[in-house]
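Could you build the full structure based on these sequences and the hints that come with them?
Going down the list, the protein sequences come from chains A and B. The first sequence: position 26 = 297 (our numbering), numbered continuously. The second sequence: position 31 = 529 (our numbering), numbered continuously.
The set of hints was computed from the structure by calculation and includes no laboratory data. Source: prediction; values computed, not measured. Each hint should be verified, as a subset may be incorrect.
What the hints assert, rightly or not - If the Cβ cut is set under 7 Å, some of the chain B residues that face chain A in the computed set are:
1) Glu503
2) Ala548
3) Val552
4) Phe662
5) Lys675
6) Tyr705
Positions of the beta carbon are idealized from the N, C-alpha and C atoms, including for glycine.
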Amino acid sequence: MKTTLIILAIVFLVSLPLVLHRPKAGTESFGGADDKARAEVERMHPDYKPWVQPLWNPPSGEIATLLFSLQAAIGAGAIGYYLGYLKGRGKKD
Amino acid sequence: MHIMEGYLPFAHAAGWWVVSLPFMAAGVRSLKRIVRETPSARALLGTSSAFVFVLSALKLPSVTGSCSHPTGTGFGAILFGPSVMAVLGSIVLLFQALLLAHGGLTTLGANAFSMAIVGPWVAYGLFHGLRRCGASFSLTVFLATTLGDLMTYVCTSAQLALAFPDTTSGFIGAFVKFLVIFAVTQIPIAVAEGLVTVVLMNALKSYNLKELQGLHVLPSQGLDP
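Next comes the structure, spelled out in structure tokens:
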């Protein structure tokens, strides 16, 4: 019961911004905060040039999404396995 | 909170590496000791890493109209202490730097300091401080992990402001600008992380009370609120 309520609260918290946020014309909505910070650095210090590039870039947004999903799926699988193991072992301890 | 590859001047990137390395070394020692003394803790250690893996992959929308991700490092810090998280968190950051071009190798020292050191220490300190004051288990877990997550982003803002002070208003001006980008965005996301952590911790309490007591997360005797 308590768990269900908490999960509902999380869903509410995460979906609320999608409803509340009114995008300004010509700006990208829900871009990454990391990109905004980079833009701020470039705005304040236009002469700064990054001195290293990433060794490898995901070739497309789809590939990046694939890798992020894989990261989440591996983690969720491990947590689910552990909780299932505990539950199967029973509440004995 | 990922400072991108090349987006810290050399001196700053190197400086944060120097600051973070001793924490990582202490973490490796702590990790070895835990595995040697309680081999059964390996499953829970794996789960703590998995939690960071999941949460740091999820970019969630926030009221500011930008997206950011939770960190997941408070959970393991409460269970095993903050040292261990310096290692587990850095492994996740390394994975993201190499495979996702998210963060970077030169900025890994700085990113590890915010996500794998500051966040876990704040969560660990708050958890034990609040427990000593008699706050309930769920509330303590919630506050500790929420504020640990938030402080990670405050730290990132300070790191960027140190490297890129505003030309007119200096460090403070830049710090406020980066706080608006990172910390304000993070508030609802940090609350969500706190809530998820409470759900997971309560599941452990139901099914694995003995191990939580063994780790001194819960007292061995007496009922707990």
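Here is how each hint holds up against the structure:
1. The interface hint given for B:Glu503 is met, as the beta carbon of that residue sits about 5 Å from the closest beta carbon of chain A, less than 7 Å.
2. Hint status for B:Ala548 relative to chain A: holds, with the closest Cβ pair at about 4 Å, below 7 Å.
3. The interface hint given for B:Val552 is met, as the beta carbon of that residue sits about 3 Å from the closest beta carbon of chain A, less than 7 Å.
4. Interface hint at B:Phe662: satisfied, since its Cβ lies 5 Å from the closest Cβ of chain A, which is below the 7 Å cut-off.
5. Using the Cβ-Cβ criterion of 7 Å, the hint placing B:Lys675 at the interface with chain A is satisfied: the shortest such distance is roughly 6 Å.
6. The criterion of a C-beta within 7 Å of any C-beta in chain A is met by B:Tyr705, whose closest approach is roughly 4 Å, and the hint holds.
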